[in-house]
Amino acid sequence: MKYKAEVNKIIPFSNVDGPGNRLAIFFQGCNINCSYCHNPETINCCSHCGTCVSLCPTKAIKMVDGKVIYEEALCIGCDQCIRTCGFNASPKTREYTVDQLYEVIEGYAPFIRGVTVSGGEPTQQAAFITELFKRVKGLGLSCFVDTNGFFNKEDMIELIQVTDQFMIDIKGINTLETLCGKRSKQHLENLQYLLSIQKTYEVRTVVALEMVDIKETLTSVASLLKNHPSVTYRLISLHLTGLIPFQKENLKDKVPSKAYMEELKAYVTALGVKKVEIQSN
Amino acid sequence: MKSKATDILDIATSKSLTYQQKLFNLANTAERLLDPREVLDYDEIEMMYIEKEMICDLNEGYVPYRPRYIVPDYSVLLSKGCDFLDLKPPTDLDELLDHLLILYRHIPSITSFPVFIGDLDRLIDPFVTHEEKDYKKIKRFLNHVDKSIPDSFCHANIGPERTKAGDLILKAVIELENPTPNMTIRYDKDKTPKNFALKAVEACLKVSKPSFSNDAKYCRDMGEHRIVSCYNALPHGGGAYTLPRLRLGTIAKGVQSLEELLKDRLPKVTKAMATMMDKRIKFLVEESNFFQTSFLVREGYIQRENFSAMFGIVGLADAVNQLLKLEGRQERFGTSKRGDEIGHSILKRIQEVANNHEAPYCERTNNRYLLHAQVGANLSEEDTCNTPAHRVTVGDEPILPLHIKQAIPFHEYFISGTGDLFAFDETYLDKPEAVLDIIEGAFSLGGRYITTYLHNTDLIRVTGYLVKKSEVKKAAAGEAVLRDTDILGYGTNSIAHVFERRLRKDEI
Chain L
1 MKYKAEVNKI IPFSNVDGPG NRLAIFFQGC NINCSYCHNP ETINCCSHCG TCVSLCPTKA
61 IKMVDGKVIY EEALCIGCDQ CIRTCGFNAS PKTREYTVDQ LYEVIEGYAP FIRGVTVSGG
121 EPTQQAAFIT ELFKRVKGLG LSCFVDTNGF FNKEDMIELI QVTDQFMIDI KGINTLETLC
181 GKRSKQHLEN LQYLLSIQKT YEVRTVVALE MVDIKETLTS VASLLKNHPS VTYRLISLHL
241 TGLIPFQKEN LKDKVPSKAY MEELKAYVTA LGVKKVEIQS N
Chain S
1 MKSKATDILD IATSKSLTYQ QKLFNLANTA ERLLDPREVL DYDEIEMMYI EKEMICDLNE
61 GYVPYRPRYI VPDYSVLLSK GCDFLDLKPP TDLDELLDHL LILYRHIPSI TSFPVFIGDL
121 DRLIDPFVTH EEKDYKKIKR FLNHVDKSIP DSFCHANIGP ERTKAGDLIL KAVIELENPT
181 PNMTIRYDKD KTPKNFALKA VEACLKVSKP SFSNDAKYCR DMGEHRIVSC YNALPHGGGA
241 YTLPRLRLGT IAKGVQSLEE LLKDRLPKVT KAMATMMDKR IKFLVEESNF FQTSFLVREG
301 YIQRENFSAM FGIVGLADAV NQLLKLEGRQ ERFGTSKRGD EIGHSILKRI QEVANNHEAP
361 YCERTNNRYL LHAQVGANLS EEDTCNTPAH RVTVGDEPIL PLHIKQAIPF HEYFISGTGD
421 LFAFDETYLD KPEAVLDIIE GAFSLGGRYI TTYLHNTDLI RVTGYLVKKS EVKKAAAGEA
481 VLRDTDILGY GTNSIAHVFE RRLRKDEI
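Residue numbers (the UniProt record's numbering), protein chains in the order written: chain L, 1 to 281; chain S, 1 to 508.
One thing to keep in mind: the hints can contain errors.
[Said to hold, decoys possible] With beta-carbon atoms standing in for the labels, derived distance ranges:
(1) 59/L <-> 254/S: 37 to 47 Å
(2) 34/S <-> 107/L: 24 to 34 Å
(3) 275/L <-> 470/S: 33 to 43 Å
(4) 4/L <-> 445/S: 24 to 34 Å
(5) 99/L <-> 445/S: 48 to 58 Å
(6) 130/S <-> 274/L: 34 to 44 Å
(7) 87/L <-> 470/S: 17 to 27 Å
(8) 275/L <-> 191/S: 44 to 54 Å
(9) 253/S <-> 99/L: 44 to 54 Å
(10) 194/S <-> 74/L: 38 to 48 Å
(11) 263/L <-> 132/S: 35 to 45 Å
Just so you know, the hints here were simulated from the structure itself, not pulled from any lab data.
C-beta atoms are modelled at their ideal positions from N, C-alpha and C, and glycine is treated no differently.
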């Protein structure tokens, strides 16, 4: 079977997606919708409605045979298409086969330590990524998955096998439904499982005041991490840069202070987490 | 270029030169007053290429009385001291640092300042006894070098092994934020411990030094060598007699096709530069009496047999861009596959002509001149259309990953040195490992030399040397500034816009 997947973006050199210099692949499609999402255009795949076509100032987007076609060379990156899409999608994605993506990775292999798949939610493409990782291993590169934690592990046993490490979000416990439209403890169960097989590189929580049950979330994560001293707990301060005006308006008073972030760091450290980092950009 | 008698008055009355700079400029003017046809026997063809500015002799002058670059073996100071200067071998750190500062005053070069001041970590390490006290001395010594050798071509080496002294030196250069000395870590992933390399990356991001040289590769190509001046790899205990350069951007002007350039004009100019170099070297070795009279030779700091000469090029990008235009392509060097092909064909041709030339007094390098990717200078109008070395013109650079892949294959030709510069954004400061991954990747593909720096530092790389942006702004306003390289930096920035070099963010 020839696997294909929709890719939103490839960042050949990234220093923020795991250890060292890494190539990061952002897959299109997500199974949740968080109100503070910085990349809502990665949530759905393009429905080819054509709304964005007429608004593109450089005609980089065209409608051909009922399909939206994107010509990268003409794009000036104004993101008008993304702003006007009412569907949380983007016309600027590209479909890749495993071979095509492998070729891109191979070209950068000498300069990177590994590959990190993100999204969207990459576990939605488990079969594709499994095949990709199997090949990437041959280049001597490490394979990381950056996930929101909502996946059925029974459906991706092989992906878990070929993945070196996971970076997993714990976005909240009791506030998930309003925050992400999800009501589940699956993320915590998955974290527990990944910890038990030594495949967790990092756990992240975005700190957004009132929207996240912060103390409860941190306490739950800390109780799991205290026995895993090598795993980093990254506390990410909500930030507004890059958000659309509507989101900015809703979120502007949800940004935590620096002092509060430090307080939270001290809190989880006291609960026994060894590596805690604050990210505030 | 020849000078004019009127240059003397201009220099003597200048408002923007210090006393010392006037003195050196006057001496250089005198060297260029004589006619090279009479003193060096330059022929009409060689003169024509100089006058058309296709060959640039970097104002080396027409009575070469000292090698351009001298790379002393300072270990002689430790074992024997120096008779000429009446210095006994040093017995403690104070004596060592004092002796070195004395010796530096007596190392000639094209600028009259030493271009190599030693393997500082190896020299200092045996004398480190008390970390805190010795740190102060090392820091004071480095600051002394910055203020008394006001020339950023002055270069120190550290590595490849880690030493206590190496750690202290890195700590001091970060605290000092001085342009001088320029510094290189000779990096070898099999010899340089990771934590030392990461400290060097941190220093490089913060204060733009040390740069990283691919030590294993240079050792293979050159044997015992050191990195001096900008990033020149030269034999240890010797150096380079001379360095003229081909202005490829100028040479390519007016040709009708790539074929004409490769088959006719380029080999002719290249050959003329080689014969010109022969004449300079013969004068220096046979007539100037340098090697007969220098205490450095007599006492074993250098040997004539360890000298070679450098065959420089600039303006590859500009030559390629002209040819792309001739071929009717809307492409620019840096992002054009065809452009890279043309670039390689030009360098291969130069390499071929240079390698077929029998170089006098160059037994250390198999009687061959060594190709060098010269970093540029601002000596003439022609320099505005000759981008440094084989670099991509500022503004035409692709994103970092593509830029590195484009640049590294060009390093292969330049045995006596080349280097690429990449400015990173601040997020890399917390991730030195990511930068080291990139450097190691470049070296695994045959890259020779990499410099990185943060985009917003005051201390910045111009082409191969360091300047403070603030000092360059003063020079631009016509004020006298301490370093000759600050003045060069002004010239280079005003023509090449290096301060606007592409910032590396990891976006595509």
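Structure-based check of each hint:
1. 59/L <-> 254/S: 37 to 47 Å: Holds, at about 39 Å.
2. 34/S <-> 107/L: 24 to 34 Å: violated, 54 Å
3. 275/L <-> 470/S: 33 to 43 Å: 40 Å Cβ-Cβ, so the 33 to 43 Å window holds.
4. 4/L <-> 445/S: 24 to 34 Å: holds, 31 Å
5. 99/L <-> 445/S: 48 to 58 Å: Cβ of residue 99/L to Cβ of residue 445/S: about 23 Å, so the range 48 to 58 Å is violated.
6. 130/S <-> 274/L: 34 to 44 Å: holds, 35 Å
7. 87/L <-> 470/S: 17 to 27 Å: Cβ of residue 87/L to Cβ of residue 470/S: about 51 Å, so the range 17 to 27 Å is violated.
8. 275/L <-> 191/S: 44 to 54 Å: violated, 31 Å
9. 253/S <-> 99/L: 44 to 54 Å: With Cβ atoms ~45 Å apart, the hint holds.
10. 194/S <-> 74/L: 38 to 48 Å: Holds, at about 45 Å.
11. 263/L <-> 132/S: 35 to 45 Å: Given a distance of about 36 Å, which is inside 35 to 45 Å, the answer is holds.
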